[in-house]
Amino acid sequence: MWTCHEPPRVEVSPGFLLLLGILFWLDEGVGLLPWGLLACALHELGHIAAAAALKGAVRELSLTAVGAELRIDYNVPLTYGQDSLVALAGPAANLLFGTLALYLHWELAAAVSLTIGGFNLLPIPPLDGGRVLYGLLALHLDTDWAERLTTALSGCLLGVLAGVGAMAAAHYGNATLLLTALWMLAGVLRREGG
Amino acid sequence: MGGRTSSSRTAGGGRRSVQRDRRRGQNAGADQDRFRLIQLAVSLALFLLVYIGRGVFPAQLEVWRCAAAANVDFRAAFQRFGSALSQGEPVRGALETLCYTLLGGEVELEELPSQPVDDRPAYPSGLLSRVPGGGLSYLNSHGILEGSRTGETGDGAQNVQPSPSQPTPDQEPTQPAIETAVAQEYTEDGVKLPRNVSMAFYELGLSETVVPVSGVATSGFGYRDSPIDGEIEFHLALDIAAEEGDEIGAFSSGVVEYIGESDEFGNYLKIRHENNVSSFYAHCSKLLVHKGDQVACGQTVALVGQTGNATGPHLHLTIEKDNIRLDPAYYVDLP
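Going down the list, the protein sequences come from chains E and A.
The working numbering numbers the first residue of the first sequence as 46 and each following residue consecutively.
The working numbering numbers the first residue of the second sequence as 4 and each following residue consecutively.
Treat each hint with caution, since some may be false.
Unchecked claim - Now the stretches of chain A that chain E is said to cover, found in silico as 3 or more residues with beta-carbon under 8 Å:
1. 45-54
2. 84-97
Said to hold, decoys possible - So the derived label-pair ranges between C-beta atoms look like this:
3. A244(A) with L90(E): 39 to 49 Å
4. E234(A) with H185(E): 57 to 67 Å
5. I67(E) with R95(A): 27 to 37 Å
6. I41(A) with R54(E): 55 to 65 Å
7. Q35(A) with G76(E): 37 to 47 Å
8. R235(E) with V94(A): 24 to 34 Å
9. Q90(A) with M212(E): 27 to 37 Å
10. V57(E) with K289(A): 46 to 56 Å
11. V209(E) with Y226(A): 41 to 51 Å
12. G76(E) with K289(A): 23 to 33 Å
13. L51(A) with P53(E): 25 to 35 Å
14. Y226(A) with G76(E): 19 to 29 Å
15. W228(E) with E247(A): 45 to 55 Å
Don't read these hints as lab results, they were simulated from the structure.
Think of the CB as a built atom: it goes at the ideal place given N, C-alpha and C, for glycine as much as any other residue.
Extracted from the complex, chain E is given alone in its bound form:
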């Protein structure tokens, strides 16, 4: 396993606490949040385990309003394929736990874990699916074009999601998807802005 000489820096942004607070409030009487947090933790552990297998050291874990971000240092830069593997390890951990939970008939836990894993596979850059898409494109194109294509594709997808979300909000009075799309947009903008 990986050897971690100095413990990783953990950074918690106020926005993350706010997000947690809001989710906690919305979750009152629903009881999905514990399963959601468990699934997210397993998801991150999946990434960390894959990174460790590739001899990466976790330097920083920052929790922000747009999700968890791992900063991992590798001795040797990863190939695109390896990077995609690390990206896929998170959803794979969710799939593994989801399957186990289904087997044990923890249906709620399974559903939440699989949903979170699947959601992260959306090809929108800060999400794992976006990294895999970029990695795949970068194998065949030069990095600038891969980046442009990824941005364009994720922009289209986000646009569609936001559009459907706005329609759902107007038609059913349900802002869930719209808020999720805006949340992802915040993630994209944050990434683009550095």
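Starting from the structure of chain E, add chain A where the hints point.
Then chain A, alone, in the frame of chain E:
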């Protein structure tokens, strides 16, 4: 809710993060500190707004909360998704259902329940998987399930709709005086009651009624310690212990308003009788009628079981008049 991970300094991100580090180096750390402080202040303000708001104007906050969640029962949606997967239903259908529910498709349901349903299989265990276009039909039955479930917790007034074809008491002057049931807020002893409940006796005005199943009343209408989690809850029904497989007769003649299955009630059905009276039967081992069926008084509609949250075979019987839950013990004579 969602996890999101990204890691820089990987193959692709390396170049970018070097640039970022350089930029950071140019701007003094003071800028970043100031930005963080502002972030913290804004978050704190929002947090306090919600936290204090809960105490000062809870009703307003609740409105926002409902607006954010749009009355979607996320837990039920995910639970349904999980059970669909665990029962080996096609992933695509289950996923469609989940997406549709999360989008708020449930809201549309209230316009659907009057669809003809004769082509449906009678037994709820297969109801969801066997119907083509599972999304809508699940939601349909789910919406109904919600109606009964939220109703049981006391806030489902908007979900429980009287059937428009029901004769109202006014239209039948020949009947003996039938009062419209009204919810009580408190018992005579001043104990707070859930919504849509009355401890009072109302004349149902039904020409004939039967005891659906004979047995021992094990839990009556009113507050009790829950046999499942030990917490105090208002039991909105009369529990009649009987043998597994005993026949359950319709309380009176009427039309099957819905049938379904839930974690809470197992296999259940509801029959709408005259005068806006209805009866609800839960934890059945088997349902023997379809939605929309006309049933005669005493006709066997289901078999006693212990499906759902039950500690033994029994019939969970709820009697409603004008959407107000009444004590079934007034209307069911057990030996």
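Verification of the supplied hints:
1. 45-54: Held - the region 45-54 of chain A has 6 residues with a Cβ nearer than 8 Å to chain E, which meets the minimum of three.
2. 84-97: That given contact holds, which follows from 5 residues of the region 84-97 of chain A lying within Cβ reach (below 8 Å) of chain E.
3. A244(A) with L90(E): 39 to 49 Å: holds (48 Å)
4. E234(A) with H185(E): 57 to 67 Å: holds (60 Å)
5. I67(E) with R95(A): 27 to 37 Å: Taking Cβ atoms as reference, I67(E) and R95(A) lie about 32 Å apart, which means the hint holds.
6. I41(A) with R54(E): 55 to 65 Å: violated (22 Å)
7. Q35(A) with G76(E): 37 to 47 Å: Between Q35(A) and G76(E), where Cβ atoms are some 38 Å apart, the hint holds.
8. R235(E) with V94(A): 24 to 34 Å: holds (32 Å)
9. Q90(A) with M212(E): 27 to 37 Å: holds (32 Å)
10. V57(E) with K289(A): 46 to 56 Å: With a Cβ separation near 53 Å, V57(E) and K289(A) satisfy 46 to 56 Å, so the hint holds.
11. V209(E) with Y226(A): 41 to 51 Å: Since the Cβ atoms of V209(E) and Y226(A) sit about 45 Å apart, the hinted range of 41 to 51 Å holds.
12. G76(E) with K289(A): 23 to 33 Å: About 31 Å separates the Cβ atoms of G76(E) and K289(A), which means 23 to 33 Å holds.
13. L51(A) with P53(E): 25 to 35 Å: holds (31 Å)
14. Y226(A) with G76(E): 19 to 29 Å: Given about 23 Å between the Cβ atoms, the range holds.
15. W228(E) with E247(A): 45 to 55 Å: With Cβ atoms ~50 Å apart, the hint holds.
In the structure shown, a violation is registered for the earlier hint numbered 6 alone.
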